[in-house]
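Trainee: Sequence:
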Amino acid sequence: MDLHLPRDLVHQLQPDKPVPELEEKPILPPMFAEKTGQSPFEVGARLIQRERNERETDDDSWHSDIRGAELQFQFRN
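Position 33 of the sequence shown, counted from 1, bears residue number 33 in the working numbering, the numbering being contiguous throughout.
The set of hints was computed from the structure by calculation and includes no laboratory data.
What you are looking at is a predicted structure, and each value in this text was computed from that prediction instead of being measured.
Note that CB positions come from ideal geometry on N, CA and C, so glycine has one too.
Just to be clear, a hint being listed does not mean it is correct.
Said to hold, decoys possible - What follows is a set of in silico ranges between Cβ atoms, one per label pair, in the way DEER data are often shown: (1) Arg52 <-> Asp16: 51 to 57 Å; (2) Arg76 <-> Glu23: 23 to 29 Å; (3) Glu23 <-> Glu51: 46 to 52 Å; (4) Ser39 <-> Pro6: 23 to 29 Å; (5) Arg52 <-> Pro26: 39 to 45 Å.
Put together the whole structure using the sequences plus the hints.
Mentor: Given below as structure tokens:
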């Protein structure tokens with residue numbers, strides 16, 4: 001998951017003070033790239049659904065059944 005601002009947008013910004021150039025090194029690996037081997041990083045996710053008695057009876061849309069989401073990040077040495 002890359003949370004960087006787009007490069008052209010960053011160049012349009014006009015900060016009050018000069019900003020030093022930093023090495024662009026991604027924090028997380030690409031999410032949908034071809035896997036070349038065993039990675040020390042793994043991501044998992046799941047949706048957390050409401051129980052039947054917690055659901056609103058007048059709302060039958062799919063998102064009314066969702067209570068939240070869980071992300072799992074695993075780093076191996």
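Trainee: So which of those numbered hints doesn't the model satisfy?
Mentor: none
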